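Generate coordinates for the entire structure from the input sequences, incorporating the hints supplied.
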Amino acid sequence: MNYSYTPQSGAVKFTMILSGAVFALMMVLGLLMRAAQGEWLDIEPELFYQILTAHGAGMVGTAGLSGAAVMWYFLGRHIPLTKAVFWIFLSLFIAGVVFILGSIFVGGFAGGWTFLFPLPAMSGGLWEVGAAVSFMLGYTLIGVGFLIYYIEVGRQIIKRFGGLANALGWQLILGRKTDDIPPPAIVAAAAVVIFNSIAIVLGAAVLVVSIVNLLAPEFEVDALLAKNLIYFFGHVFINASIYMAVVAVYEIIPEYTGRPWKTTRIFAIAWNVVLIFVMAIYWHHLLQDTVLPAWMLITGQLVSYFSGIPLLAVTAFSLCVYIRGSNMKWDLTSALLVISIAGWSVGSIPASIDGMIAVNKVMHNTQWVPGHFHTYLLLGEVAMSFGFMAWLVRGKNIRTLSGLDKAAFITYVFGAVGFILVFLISGAASVPRRWAVHLPEWILQDRVGTIFAALVVLGTLGFVVRYVLGLIFENQASGDQISGDQNSGDMSSGGQPSLGQKA
Amino acid sequence: MTTRLIFPLLAALMGGGFLWQATDGLRAITAEEARRISVAENPRSVPETYLQAMDGAAIPLLPQKNETVLVEFIYTSCGDICQVAAFDFSEIRDQLALENADVRMISISFDPEQDTPEQLSYYGEAHNADGTLWTVARPVSLSEDQTLSDLLELFGVTVIANEWGGFEHNTAIHLIDENGQFSRVFDTDDVDQVVATVLESS
Amino acid sequence: MMFRYGVAAVFMASAFALSPFVVSDPVLHVLVQIPLLLLSGGLVASRITISKDIAYVYLIIALVTLIYWMLPRSIDAALSSTWYDVAKFVSLPLLVGAPLALSWKHIHPVLRGFLKANAISMLGILAFLYIHAPIRICNSYLVTDQQNLGYGFFFVAIALSLYWSWPLIFGAPTQRPPQRTRSQHLSYEGTSSMSSHPAVD
Ligand code: HEM
Chain A
1 MNYSYTPQSG AVKFTMILSG AVFALMMVLG LLMRAAQGEW LDIEPELFYQ
51 ILTAHGAGMV GTAGLSGAAV MWYFLGRHIP LTKAVFWIFL SLFIAGVVFI
101 LGSIFVGGFA GGWTFLFPLP AMSGGLWEVG AAVSFMLGYT LIGVGFLIYY
151 IEVGRQIIKR FGGLANALGW QLILGRKTDD IPPPAIVAAA AVVIFNSIAI
201 VLGAAVLVVS IVNLLAPEFE VDALLAKNLI YFFGHVFINA SIYMAVVAVY
251 EIIPEYTGRP WKTTRIFAIA WNVVLIFVMA IYWHHLLQDT VLPAWMLITG
301 QLVSYFSGIP LLAVTAFSLC VYIRGSNMKW DLTSALLVIS IAGWSVGSIP
351 ASIDGMIAVN KVMHNTQWVP GHFHTYLLLG EVAMSFGFMA WLVRGKNIRT
401 LSGLDKAAFI TYVFGAVGFI LVFLISGAAS VPRRWAVHLP EWILQDRVGT
451 IFAALVVLGT LGFVVRYVLG LIFENQASGD QISGDQNSGD MSSGGQPSLG
501 QKA
Chain B
1 MTTRLIFPLL AALMGGGFLW QATDGLRAIT AEEARRISVA ENPRSVPETY
51 LQAMDGAAIP LLPQKNETVL VEFIYTSCGD ICQVAAFDFS EIRDQLALEN
101 ADVRMISISF DPEQDTPEQL SYYGEAHNAD GTLWTVARPV SLSEDQTLSD
151 LLELFGVTVI ANEWGGFEHN TAIHLIDENG QFSRVFDTDD VDQVVATVLE
201 SS
Chain C
1 MMFRYGVAAV FMASAFALSP FVVSDPVLHV LVQIPLLLLS GGLVASRITI
51 SKDIAYVYLI IALVTLIYWM LPRSIDAALS STWYDVAKFV SLPLLVGAPL
101 ALSWKHIHPV LRGFLKANAI SMLGILAFLY IHAPIRICNS YLVTDQQNLG
151 YGFFFVAIAL SLYWSWPLIF GAPTQRPPQR TRSQHLSYEG TSSMSSHPAV
201 D
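Chains as they are written, first to last, in my numbering: chain A, 1 to 503; chain B, 1 to 202; chain C, 1 to 201.
Please note: incorrect hints may appear among the correct ones.
[Said to hold, decoys possible] Cut-off 30 Å, straight-line C-alpha distance, at most; resulting in silico cross-link-like pairs (DSSO-like, lysine-lysine):
hint, chain 1, residue 1, chain 2, residue 2
1, C, K105, A, K159
2, C, K52, C, K105
3, C, K116, C, K105
4, A, K159, C, K116
[As the list claims (entries may be wrong)] Derived, one-sided and incomplete: chain B residues facing chain C with beta-carbon distance under 7 Å:
hint, residue
5, A12
6, G15
7, G17
8, E91
Rather than coming from a laboratory, the hints here were simulated on the basis of the structure.
All figures in this text were calculated on a predicted structure; none of them were measured in a lab.
Beta carbons are placed, not taken as given, at the ideal position from N, Cα and C, and that holds for glycine.
Structure, rendered in structure tokens:
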């Protein structure tokens, strides 16, 4: 075990335990919802909506958290990062989660993870204003944590590369001569820092405005503007989680193919395109708002078609090229990372279909939508995180997929594919999303979905338990490895900033 | 270490305390909210004042015997807020009349130059203020040392001219209780609350 | 040095000169007069150095005072009471502008970035509320002027975000790290488990 060169592996490993546990827990909540829709469980609609809110907020938050941990870890190979910032980020995150869970399960808040104005204020007596305020305060805390994280990352990137433009590979794009090409992790980080900081600043603004409105209702809120800001924030944030986690692919896959993942001109262009487009995809959400000008709707359609495509194409294509030409070794890590790129690509297709205006009018409130985002989350971001976790405990040598690993992997992927297909099929058959009680003719699909979901939960438990056991064994094998790691993390992060200051 | 930690902490605590004070315990960030809290916590005595009602008669502003007086400030050529407020006022009058409440309601013009008794009665007619429970009046017979601006200041009403020759002002319903204390301020559309409070006190 | 004091004096004098006009125009009041007062305080203090130990106290004093003057009721009070107006002329330069300038260089860069982001967010919030609020937020100002102020906040937010983010994007000319960092960086690669992973460059 010789990962001690990577800064702050202790903090990151701890964060991944947390992420894995919360992913598993939230999946169980998802399973409960699916079973309730299939009438295998009797859950009151009130509780169902609380669970839906917790599942949505919890999953999106954890996706962000695990993505942030992945990126922090690998950026540590290229720039010095201040350790304290990560702990502040993590503490704010956990504090936010406490507020959110309290608001849902103590305060009874069930306004959905998107806290769409004015729903939080109109509980019909189900929850007090305080619960809605606490929910939004929780989001605000998490947002502040992320902002601080990005400021640190951005600042160190700027110190090292002289500006975000350089870190985004503009010199390469413009064909200037340079021998200081930013590695893929830096390009990705620079893009995410820009678009997610913008999203968070705007998101924080709409959160505070909503809180003011809850506390002092005479301050009315412009509903259309609020909706725009909320969707902007939500979409960019969830997209950013993938764009952060994909760094794991860039940094780990080369170990398996034996070829470095290089920043090419096309690669840099793709990331710059994403940087612009990711901020406009949410427009397809507004296709139902006929009050918006037509050009916005049309742009929304085009953009949602093409937003992720260039990057996906470049990433997926390079991945294929790297794999083809090499003697790729398969273990749990590489299998999960490769499937994550596949899942991410496939997950974008239903989104593009949904983005077509004609279809949008019909599909947008069906289970087609959860079908689409569960694809790129379960088989995308979450698979990347699990792949990263497997890599963290892999050890020096790549072993081939062992029996248990193989079983967990197959269970997870098979379950996820089935679970998602059922959502998509139900969606195409116009089964609405976010309904606690389903009509009799939908029950069969719901039950099939439940069975697949149970497989996903099983596979996930396998990954998480394996990871925790891995950390423990690693500890025993190398004599208190975690604390050893933390110490060396301390050393490297203690040593590096001073280097950075001299730089 | 201590200075680095303790002093900022102290400063933050004191700053927090100061802002808490400055916002009446986070309850009031606007002057209007502050006025309402101040009045509710420290009612203000209303001096003896006479107004000229729309029929030309002089009427007292202060409550007589055990009655309660509700006051709003208007100007009769007001195009928007006053009209809406007058509608709410008539709603309150109707409910209180049904209950036989011991109350008088006065719409006071803060533009006595323009709002002659004739003008006032047009306004009264338009809103069905017939002078029994609810009348429209202007401050004319104020004494030397009691001016319109004193009156407005007592009630905390700010009037500023707008660009079309009218005024903007904070609209509200002001309650003078049977002891002659100005002790509550309500939103004009807070009809139920106003009615309940009046009935409680009489 | 004299020059800075001169400019500060001019700012202060302009702020005084604006007094009769701010009564009827919140944009002048909040987006011209108050910034002038802040800048005059900041300019006077900008070259003085203070101990790092006390920097965060100064920062807190500045933030608390600034928050106080962001309350609509304080703005109203400054218009209706001479005492509050005097307090405004004294406290904005002395308790906000100056301490901010004094402490700024000692504040951790991450916190500085956060404060800037927060300022932009806050201006957005004010714009959002002031443009749309159906109520009068300041008793002393007309609703239309209040909306103008909201748009003013919006434009300031845009301007500040451009001003602050421009150097982040284009930055200083590329500074190649000195050799030491570079070799350190490579040696990380060298000690890594991925002997199969060639150096990135
Ligand atoms: C075993 C795994 C999972 C199961 C069984 C599950 C189940 C569900 C169900 C039943 C719904 C409600 C569908 C409806 O609207 O009718 C839902 C919504 C949702 N899920 Fe999952 N899910 C799983 C994993 C995930 C993951 C990994 C993520 C994200 C990282 C996620 C994010 C969401 C979000 C954001 C919603 C939307 C909530 C809303 O409509 O407000 N889920 N999920």
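Quiz item: Checking against the hints above, which ones are violated?
Solution: 7, 8
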